[in-house]
Amino acid sequence: MRAIEVRNLSYRYPGQSDYALLDLNLNVDEGEIVLLTGPSGCGKSSLIRCINGLIPQMYGGQYEGEVRVLGLNPAVTPTRVMSKHVGTVFQNPDNQLFALSVEGDVAFSLENLGLQRDDIEKRVREALERVGISELRKRSTFELSGGQKQKVAIASILALSPKILLLDEPTSSLDPLSARSLIETLVELRRRDELTVMIAEHKTELLAPIADKMVVMDNGTVIDEGHPREVIERAIRFNYAINVPKVSQLSALLSEYLNSSIYLEVRDLVDALSEIGCSD
Amino acid sequence: MIEFTDVHFSYHGTIRALDGVTFTIGEGEIVSLMGENGAGKTTIIRHANGLLKPQRGRVVVDGTDTKNATVAELSRKVGVIFQSPDNMFFLQTVYDEVAFALRKFGYTPKEVEERVSEVLRFFGLERYRDRSPFTLSGGEKKRLSIAIVAAWNPKYLLIDEPTVGQDVTYRRLLVQLLNEFANEGKTIVISTHDVEFVADLRPRVILVSRGRVIADGSARDVLTDEELLKRASLVMPQVPQLLRSIPKSGVNFKLLGVEEGAREIVRLFSRG
Amino acid sequence: MSLSIIQGLKYRDLGTWLHRLDPRVKLSISIYLLALALLYNELYRGILVMSVSIICFIGVLLSTGKVLRPFLYTLRGGLPIVMLVVIIQLLSITLVDPSHLVYSTVAYAVRFIAFISSFTLFFLTTSPDEVGLTLQHLRVPPLYTFTLVMAIKFAPLLADEVQMIIDAQRSRGVEFERGNPIRRLRSLFAVFIPLIVNALRRSYELAEALEVKCFGANEKRTSYRTLKFGRRDALTMGSATVILFALVMVRFSELSINVL
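Chains as they are written, first to last, in my numbering: chain Z, 1 to 280; chain P, 1001 to 1272; chain U, 2001 to 2260.
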């Protein structure tokens, strides 16, 4: 089934003459991990806001086209209803945590919905378990690292049990190991539960290997989409302004040995090389 | 020359940030301070132009102990650019932002005009000359923040986390800019945990962990040393990672570039 | 530097008995102490003795809760306001009754310090979340409670930000400690403008995050954590009330007139 369907979407922020999104079309199936990438200012964040309904509901502006998310129209469905289906994690963890303790933060949205205490308790426990941070439960968010804070932000969104998780550059302020750990958490989440994940990111070397689909945007529209391997292959050929993992660049240089295959992960390229005789 | 000798520093008397840091950076070098968040990179940079003074030990820039000079005096030589460009801008136009320090440092109006034009051209920002800095895109703001400091031609340029949140176009431009600066004889210091960027830039690497220098050497040596990177909570760049994993003897894995990596693999094939 | 004061105020759960005490008890004791400071009005000696006792009492109490240092920071931060009180007092009393000039001024200044001190008991040992819960129990509407909690939570982050802006500006030649007043005022712009721009952006980001977390979705916001009023809380509250009562009795009996 379709999780997200975007048809001929164009959008301008209030008071802007340039289009942030221009005639954009996109389909995302349920259960996919989608990597959304493209140069800064290409419209990734705007697209995410159109999927969760913050555009046009909070931002206003000029909106044309149609978006369907699990059958709902985010342009008219109240955000509090949308939030139970689509969760959004933003870039800066400090600006999306509102309580002082980890459990307080995870409970925050549930309290806002007026749920009963037993129900909140159960959901908080489950959400922390799903993200693998149960041991942080009683800690104060002040003393957490950036990566831990971002995991708390994910748990607090998962507490609402959405079917779709949107993440807008979630690793941009994290150091490499924390970023990697965050991505592993997402993969694990999707493996265990039926969850559709869409991540806007520059770090393709982290995400291309785990994504089912890669979408490249430029100037407010989708310029390429498909399996990450194919997209990366075209990115090298047509020189898209996106980050191409070094392993993939390397496999392109070795195309005559590798039968023109492009690899996304170090491990896979090593295996391919050993197979064709590059081993003792 | 920038000399750190056994520098100790704690924030608010409690949070230990530097725990005996010693290194020397000579003229015309490109150096990358590397380590995870909280390792002490930014604290080191804050010491270079005297924003922080060592609680123990000494920081000496071109023979001047930073304890005996003001930040303004030190800044003439040591230009420091922090991560967030938005913390810098407060004037009406891009031109004014670049001209601000020049006027302050006593350039004549004619010199100001010439230098600002030259710098804006160098950074590809001429067409924004009369625009408000707040209307620029993320990458353009980053460029402007470097331009503002580069304008008065400091001998040393220290840039904190220059690649965070930046796209590939900006990263390529930055490698080019930093190399041009180095060619002009400037000393460049960047702090970053971005190993692939450092693999492209190939500077000297000073590895920092928990407020101590744990390694100091060429990017080629440091970024291919599994043990060191582990201690610094960093990840090895992909090219040496790949070369190291090839199950064949005699692989030279101390290579960072994609081309040289590919050449090494071709060599292994031709060897049979 | 003034910013370290805010840093010192950053709440940390140190787990002492004072931190674990029900916030309502702490708030009540804070109010008791405030009331005690107001007990003597005309008697300067009474004001002085009572205020000094209160300050010492709070000092001892807070040191058992390991927050003596933030307490001293707070007092230092309050000094400018104390100076203001002194000036106003000097001006007003000179017109009325110059004979007690020094005595009364000192008394009022010390009493003002006692005022500040009395509330540090509550704020230094109560987490912003608990402050919010307490207010919620007192039927303060959620929006106001939330605003206050956010203000407490973001104060340290804002202080960090101010420090980063000052660093960035000093690194580009802005000098805050030199030049004539007009120059200095201008360099303040270098801090205020980035601060406002950042605050605007932050408020947008917060609004987005609040929106997706259903803030204000339900008029009856529930609360996951509740305050538990235990035996220890009851004992503390009881003894505090008895002591307050006793002191009030003393004040209005013959005794105080004889002593003071």
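Among the hints, erroneous ones may be present.
Result set (BS3-like, lysine-lysine): computed pairs, CA atoms no more than 30 Å apart in a straight line [what the hints assert, rightly or not]: (1) P:K1104 to P:K1077; (2) Z:K163 to U:K2220; (3) P:K1110 to P:K1053; (4) P:K1230 to P:K1254; (5) Z:K138 to Z:K213; (6) Z:K138 to U:K2066; (7) Z:K138 to Z:K122; (8) U:K2220 to Z:K122; (9) P:K1053 to P:K1104; (10) U:K2228 to Z:K122; (11) P:K1186 to P:K1155; (12) Z:K213 to Z:K84; (13) U:K2066 to Z:K84; (14) P:K1186 to P:K1053; (15) P:K1141 to P:K1110; (16) U:K2220 to U:K2066; (17) U:K2220 to Z:K84; (18) P:K1110 to P:K1067; (19) Z:K122 to U:K2066; (20) P:K1067 to P:K1053; (21) P:K1254 to P:K1077.
Have a look at the derived ranges for each label pair, beta carbon to beta carbon [claimed, not checked]: (22) P:T1070 to U:I2182: 15 to 23 Å; (23) Z:F238 to U:I2182: 53 to 61 Å; (24) Z:Y13 to P:Q1092: 18 to 26 Å; (25) P:D1019 to Z:K138: 28 to 36 Å; (26) U:G2216 to Z:E66: 56 to 64 Å; (27) U:A2199 to Z:R180: 50 to 58 Å; (28) Z:S17 to P:F1105: 34 to 42 Å; (29) Z:V76 to U:G2216: 42 to 50 Å; (30) Z:E30 to U:R2069: 51 to 59 Å; (31) Z:E30 to U:L2227: 56 to 64 Å.
Keep in mind the hints are simulated off the structure, nothing from the lab. Using N, Cα and C, we set each Cβ at its ideal position, and we do this for glycine too.
Against the structure, the hints come out as follows:
1. Under the criterion of a C-alpha separation no larger than 30 Å, the hint pairing K1104 (chain P) with K1077 (chain P) is consistent with the structure, at around 15 Å.
2. For the proposed pair K163 (chain Z) and K2220 (chain U), the alpha carbon gap of about 26 Å is at most 30 Å, so the pair holds.
3. For the hint pairing K1110 (chain P) with K1053 (chain P), the CA-to-CA distance comes to about 36 Å; that exceeds 30 Å, so the pair is violated.
4. Proposed proximity of K1230 (chain P) and K1254 (chain P) is supported: the alpha carbons are some 17 Å apart, at most 30 Å.
5. Restraint check: the Cα-Cα separation between K138 (chain Z) and K213 (chain Z) comes to about 37 Å, which exceeds 30 Å; the hinted pair is violated.
6. Restraint check for K138 (chain Z) and K2066 (chain U): the C-alpha separation of about 20 Å stays at or below 30 Å, so the hint holds.
7. Taking the CA atoms of K138 (chain Z) and K122 (chain Z), the gap is near 15 Å; set against the 30 Å cutoff, the hint holds.
8. A hinted pair counts as satisfied when its Cα atoms are at most 30 Å apart, and K2220 (chain U) with K122 (chain Z) qualifies at roughly 20 Å.
9. This hinted pair checks out: K1053 (chain P) and K1104 (chain P) have alpha carbons roughly 24 Å apart, not beyond 30 Å.
10. As the CA atoms of K2228 (chain U) and K122 (chain Z) are separated by approximately 20 Å, the hinted pair is consistent with the 30 Å bound.
11. Distance check on the hinted pair: K1186 (chain P) and K1155 (chain P) sit about 5 Å apart at the alpha-carbon level, within 30 Å; holds.
12. Under the criterion of a C-alpha separation no larger than 30 Å, the hint pairing K213 (chain Z) with K84 (chain Z) is consistent with the structure, at around 24 Å.
13. Our distance criterion of 30 Å between C-alpha atoms is broken by K2066 (chain U) and K84 (chain Z), whose separation comes to about 43 Å.
14. Of the pairs offered as hints, the one joining K1186 (chain P) and K1053 (chain P) holds, with about 24 Å between alpha carbons and a cut-off of 30 Å not exceeded.
15. For the suggested pair K1141 (chain P) and K1110 (chain P), the alpha carbons sit about 26 Å apart, so the restraint of at most 30 Å is met.
16. Restraint check for K2220 (chain U) and K2066 (chain U): the C-alpha separation of about 37 Å exceeds 30 Å, so the hint is violated.
17. Among the hinted pairs, K2220 (chain U) with K84 (chain Z) is consistent with the structure: their alpha-carbon atoms are about 18 Å apart, no more than 30 Å.
18. The suggested pairing of K1110 (chain P) with K1067 (chain P) is violated, with an alpha-carbon distance near 35 Å, which exceeds 30 Å.
19. About 35 Å separates the Cα atoms of K122 (chain Z) and K2066 (chain U), which puts this hinted pair outside 30 Å; it is violated.
20. The straight-line distance between the Cα atoms of K1067 (chain P) and K1053 (chain P) is roughly 6 Å, inside the 30 Å bound, and the hint therefore holds.
21. As the CA atoms of K1254 (chain P) and K1077 (chain P) are separated by approximately 35 Å, the hinted pair breaks the 30 Å bound.
22. For the pair T1070 (chain P) and I2182 (chain U), the supplied restraint of 15 to 23 Å holds, since their beta-carbon distance comes to about 20 Å.
23. Taken as a hint, the range 53 to 61 Å holds for the pair F238 (chain Z) and I2182 (chain U), whose Cβ atoms sit roughly 57 Å apart.
24. For the pair Y13 (chain Z) and Q1092 (chain P), the beta carbons lie near 23 Å from each other, so the given range of 18 to 26 Å is met.
25. A beta carbon spacing of about 30 Å between D1019 (chain P) and K138 (chain Z) agrees with the range 28 to 36 Å that was offered as a hint.
26. The beta-carbon spacing between G2216 (chain U) and E66 (chain Z), approximately 28 Å, falls outside the hinted interval of 56 to 64 Å.
27. For the hinted restraint 50 to 58 Å between A2199 (chain U) and R180 (chain Z), the CB-CB distance of approximately 33 Å leaves it violated.
28. Between S17 (chain Z) and F1105 (chain P), the C-beta spacing of about 39 Å keeps the proposed range 34 to 42 Å intact.
29. In this structure the supplied range 42 to 50 Å is violated for V76 (chain Z) paired with G2216 (chain U), their Cβ-Cβ distance being about 19 Å.
30. Roughly 55 Å separates the CB atoms of E30 (chain Z) and R2069 (chain U), a value that falls within the hinted 51 to 59 Å.
31. In this structure, E30 (chain Z) and L2227 (chain U) break the distance hint of 56 to 64 Å, their C-beta atoms being roughly 43 Å apart.
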